[in-house]
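Protein chains: 2
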Amino acid sequence: MFAIAPASGKANLSASQLKLLSGKARWIFRVGEAGFPTVPTIALTRAAWDALQTERSKKDIRLRTHWIACLFKLVDRDGTPPSLVVRTSAALHNGGLAPAKLGIPAPASPEDSVDPTRPLAKAIKNAFESYGFSPGWSGRADEDRAKQIVLVQAAAPGEIEQFLTRNALTGALGPAPVNGAPLPRLPASVDALVALVDAKAGRHMCCTVAINRGEVVFLSARPSQVPAAAELEAAVDRVDRKIWTAQNAVSRVDPHRLAQLLHPRLKSSEGAAPVAVGLGVSPGAASGPIVFNPDDAARLRARGKHCILVVNETGPADIEGMRAATGILTARGGMSSHAGVIARITGKPCVAGVRTLSVDTNEMVCRIGDREFRSGDRLTIDGNDGSVYAGMLPLTQPHIGGAIGRLLNWSDASRTIAVRTNAETVESARTALSFGAEGIGLARSEHMFFSPERMVALRRVILSEDEDDRSRAVNGLVDYQTGDYQALFSTMNGAPVTVRLFDPPLHEFLPRSDEEIEETAASLGLAVRALRLHLERIAEINPMLGHRGVRLAITYPEMLQMQMQALMAGVRAASETQNEPVSVEVMVPFVSTASEVAWVRDRVNTIVANSGLSRTERVKFSFGTMIELPRACLRAGDIAHMVDFFSFGTNDLTQTTFGISRDDAPTFLAAYQRKGVYERDPFVTIDEKGVGEMISIAIERGRAANPGLKIGICGEHAGDPASLKYFAGLGVDYVSCSPYRVPVARLTLAQASA
Amino acid sequence: MFAIAPASGKANLSASQLKLLSGKARWIFRVGEAGFPTVPTIALTRAAWDALQTERSKKDIRLRTHWIACLFKLVDRDGTPPSLVVRTSAALHNGGLAPAKLGIPAPASPEDSVDPTRPLAKAIKNAFESYGFSPGWSGRADEDRAKQIVLVQAAAPGEIEQFLTRNALTGALGPAPVNGAPLPRLPASVDALVALVDAKAGRHMCCTVAINRGEVVFLSARPSQVPAAAELEAAVDRVDRKIWTAQNAVSRVDPHRLAQLLHPRLKSSEGAAPVAVGLGVSPGAASGPIVFNPDDAARLRARGKHCILVVNETGPADIEGMRAATGILTARGGMSSHAGVIARITGKPCVAGVRTLSVDTNEMVCRIGDREFRSGDRLTIDGNDGSVYAGMLPLTQPHIGGAIGRLLNWSDASRTIAVRTNAETVESARTALSFGAEGIGLARSEHMFFSPERMVALRRVILSEDEDDRSRAVNGLVDYQTGDYQALFSTMNGAPVTVRLFDPPLHEFLPRSDEEIEETAASLGLAVRALRLHLERIAEINPMLGHRGVRLAITYPEMLQMQMQALMAGVRAASETQNEPVSVEVMVPFVSTASEVAWVRDRVNTIVANSGLSRTERVKFSFGTMIELPRACLRAGDIAHMVDFFSFGTNDLTQTTFGISRDDAPTFLAAYQRKGVYERDPFVTIDEKGVGEMISIAIERGRAANPGLKIGICGEHAGDPASLKYFAGLGVDYVSCSPYRVPVARLTLAQASA
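Read top to bottom, the protein sequences are chains X and Y.
Just so you know, numbering that gives the first Met the number 0 puts 367 at position 368 of the first sequence, and the rest follows in order with no gaps.
Just so you know, numbering that gives the first Met the number 0 puts 260 at position 261 of the second sequence, and the rest follows in order with no gaps.
Any given hint could be a false lead.
Note: identical chains are not told apart, hence a pair may lie in one copy or across any two.
In the DSBU-like style, the derived pairs of lysine-lysine whose C-alpha atoms are separated by at most 35 Å in a straight line are [what the hints assert, rightly or not]: (1) Lys688 with Lys724; (2) Lys266 with Lys18; (3) Lys121 with Lys266; (4) Lys688 with Lys709; (5) Lys674 with Lys709; (6) Lys241 with Lys124; (7) Lys619 with Lys674; (8) Lys619 with Lys199; (9) Lys241 with Lys619; (10) Lys100 with Lys58.
It is worth saying that the hints were derived from the structure and are not from the lab.
Computed from a predicted structure; not experimentally measured.
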């Protein structure tokens, strides 16, 4: 124990004492050292406190003598023993900790000062014990536990006031009000305290001071969680004030927080009348099918689908489901409700307190006013103004500008790894470009068929009975594709576009419900019964590991032929209308052997050669493979000398390395995390020890066989900051993530390069 | 070209000439060298022939002079130019080759002898060209092509006769008849030829001789394919005659051929009246559901199911389907029909020529007499006597004795790797023991529930709604299991038994057809609609990668608890009734992380400790894991120090390493093999370059972390000779295969150890 802010004089702490300072204790010391008036304070470690108690049972007094001497340092020159305050000093604010205990009389005797039945020692004991109940501390090592600090302060005269160092919404330098409470009248001298704490902390801090006749005395400070936008504005402001360099700002902003700023908004609600209006408690708009429980949300999320979680109210058990949902709609609660708090922290649009909404989880139906919505029906919510609309309203994408734009530009200066996007439509390519994407790393050609009309064409291919039938059906797809490719290349205007060859896993593209089957039969001109029989015949037991990827190209070469012809026609058309050469990279999915790559490469090269485009300066052409199966990683050396690039598909590689179907994982993954079997979800953050080793084996063998090999990552992990840092360490050339994740990747990779 | 058997004197071939000898040329030389009368013969390589033709166009004569000199060596002392015979000399008999051309007049001039419009040169040219059309030769390297030999022989006077060196059915030393033709009258001097050729060839040979006034002259010999039983009897006979050592016999018998001898037979046909009788054209009995096309057979085979292929007749396109079927039944054809030949070669029971059978492939129905059978209906066929029965008649397993028994005993002397079996029923354990299994390497505990009554109990567990419900259902399983375990341990009488913890992939154990669903609903006391909803809810998209294996133990710990209690009760009961200690090995399936192993191990150890059996000398207990996922291979070091053994599940490891669902592979695997993308089916023979590296990484890391680690293989590859040789090279301690494959593994591993 030691006085970090004695009533008179300086603290003169030793190096080992300084090392113990954390949380509020650190702030009191720093502010005092900077010359700002600070309340007299002792920092008492748990180790010291335990030693005092041991000594007490042994009737020893050496440590107690020192303790009393410290207590005396709280006494001002006037010599009156002060009333005391006991506070915890955790690094993070935490709901489980004991609140400050005020008005404790100074102990009457040295014995009293350590006797847990007496007020001071009792308060200290309670404060230490509260750490044990706090999830932020439990489970840490014993060594950390011994360093836990309780503060004993002299009570300061005057009014106790709290303020933030920066505005919680705009990030402007404070003092600023806390939690919407009015800002108290503060003397001008507070400005110096605010500037001091902001510069030292580099984040929003909540300060507690005593104000006595215009004199400000510092009591404590702790970090305050604020929306990401405020954090970002503050970071840029610190650069403008020359407190930080641009690189400081880049390294200090959490990429996860940045992601929260990239919310879609309603394009326009014109003409659409809300079915209800509640409170917009978390910004952004979302649309999609509704679900009534977290499990359904998790299931849809696992399949890459959006959804709106609709509940009467949320509680701690719903957090996973809220993370999985795209947006949240509740009947009860307001700005400070569980739903609102969690939605803002996780960056999900949320409308709460819709009084006309009621959810019947038994009947799996909700009512909004006199309208009924069932699971799977579509809603749109606007978390800015609290409106709820029936159906899917068009959304518009966030704009990168202002503080975000400046931060990302600073990021690009130190980034060495390129950031591309996964996109196959002009719209998402434009979004990604506006977010700074430097190319398309994954255009899933089969996704170009997601409109109902085109889906019919695609189903016709999948359901064709023989080669002739299939050739005709494939020809029907060529027209759509040629135009799509041209538009995509034109949009990217010379930036590279990696087109993955057709890879439709059957189960994602075939009709399933009775209604869908009837519709499909009608549109294909088939009898429903015949279609059902056909569907049964081609149904796969494990479609993820079935007839897909390169296997389609090899078994149905006419599909490869047609797709390549459409692609080359698109390349030709785009190259005739733009100045930049078209940069097209053909990528073979789901290979497990070099022989598959050789087979496809020979045919692709022939088609490219026949197109006459390979010898022009208007087109840059390259050929590569996805590496997404363990065997492809092991045989990377054989494969590498046949290709220009590898692109790791980390989703499928995680599925096969772990033997886990992502679709089916929700039934056990939650239990695995709860029981500590998995530390984290390997589909969110790359599993470095398993999947990571697979990737590094492949990179090592691939580069050894082909030193010019370009290496990218195109799974969803390419949008996850922790994974991105790991990939940067593997020396990849580029990553490709969803458009909304492009800024996150730009920032994270800048941090990784620093 | 050179005379390998001149009319007078010896051949005096150089070392390089000797190296060129192959096929019949080699036999003529060998027999002649051994002093047996041989017809004068020239061996003409394609290289020599091509050179003669080139010289001819250049009007050169050096080579032609040599050629004529050789031809002169065919002339006997009487000086008359003989009539000539031209034969091919391929190493293997091959249907595409030109037949021997007899009665060619000796060329009138040197020019005539090389002129392709003249009889001798024309016959030689035709003979060489026929190699090109023969699948056995096409595609070989040019170097091999240059070594192809055509024989030019002097016509021998007398009758030309053929005979086998050994009986085609019994393997007894010959001379013996060819293809059922009566054995010609042969002089006693033939015996010496037979003994000579048998000793040198070590296999059945078909010899051609000329017999002139009791004098035998050797013309040629080629290997003859005979049933495996005859080969085996011959091998053992050669050991008895001291031509071979026992080790020679072990190394010379092809394990694939041995497998053909292990056919089941009808236990008894008493009381069963055949619905038809045809010709038994390939031995053994088979029973199972019927299919009408090779694709359906392949599909069932991929799922590990038996079936009988029923067709009007077979042709080359049906070979794959015949390999996949357990037995073959045809309406037309006899002993020498395509079906008969292929069935005998592949070792499948076959009944052919059932005149009352007709198959309607359009209607997917067959009629036998006035009875109708649809796809999936059950038949039993007896390839020994040609009987066909409706339904499934009980089969009895082949006995290891006689020649097989002697050969396998010789094998065991040089074998260093243990052979266990995959079995969970007393019956299959007994079969495996009779075949020489040294333990059970894989008892799939969930397979103990394959009877209808038990399947209800298992479905009750899978379909239970919550933990209480599940606990009750699981308790219902305990009683079955305890007795099963006791019986299994008692049968194995001290030999090790590896019990794999419960691993039911949902799709294999849930009802699928409407009929099954109705039955299941009735037996579980559920409404059909409720059951359907439940089935839909728990249906998995990729069950192979779903909620199975160790994931069940971790999410439903009560299942692990109950299974271990039943197991320990079975161990206790068995240990009380036998002298040998019970050797039980608990094995965790489908692990991908060390944390899963640790989780299960702690619980298993607690249950074993509480049983009181771990500290007795009556029980040997060990704990291990299946290694069947790529991640488990990579993390083998972490896992190894927690376990006593690894057992590689090569089926699932192949599925995940390649990203191929075995169930769904038939749709593209055939095309892959046809197009040369895969050399062989990786589910039949282990993929050394991919899956093999996974296994060797795991063995290396596992043994480094735990030098005492025991290593086994328990996938189906453990019954495949090529794979077994590879595993032996990896230094495994044991393999575990299906009971019928135990003799194959014993023989193969003996060959690998030699």
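Right, here's what the structure says about each hint:
Proximity of Lys688 and Lys724 under a CA criterion of 35 Å is satisfied in both settings, with 15 Å inside one chain copy and 31 Å between copies. Taking the shortest Cα distances, Lys266 and Lys18 never come within 35 Å of each other, neither inside one copy (53 Å) nor across copies (84 Å). Neither within a single protomer nor between protomers do Lys121 and Lys266 lie at most 35 Å apart by alpha-carbon distance, with minima of 59 Å and 86 Å respectively. In the homo-oligomer, the alpha carbons of Lys688 and Lys709 lie at most 35 Å apart both inside one protomer (23 Å) and across protomers (24 Å), since each shortest distance falls under that limit.
Within a single copy, Lys674 and Lys709 get their C-alpha atoms only as close as 40 Å, which misses the 35 Å cut-off; across copies the closest is 30 Å, which meets it. Taking the closest pair of Cα atoms, Lys241 and Lys124 never come within 35 Å of each other, the shortest separation being 44 Å inside a single copy and 94 Å across copies. With identical chains, the CA atoms of Lys619 and Lys674 are at most 35 Å apart between copies only, with a shortest distance of 31 Å across copies and 51 Å within one. Taking identical chains as interchangeable, the C-alpha atoms of Lys619 and Lys199 are never at most 35 Å apart, the minima being 51 Å within one chain and 65 Å between chains.
In this assembly of identical chains, Lys241 and Lys619 lie within 35 Å of each other by CA distance neither inside one copy nor across copies; the values are 45 Å within and 73 Å between. In this homomeric assembly, Lys100 and Lys58 come within 35 Å of each other (Cα to Cα) only inside a single copy, at 28 Å, whereas the closest approach across copies is 120 Å.
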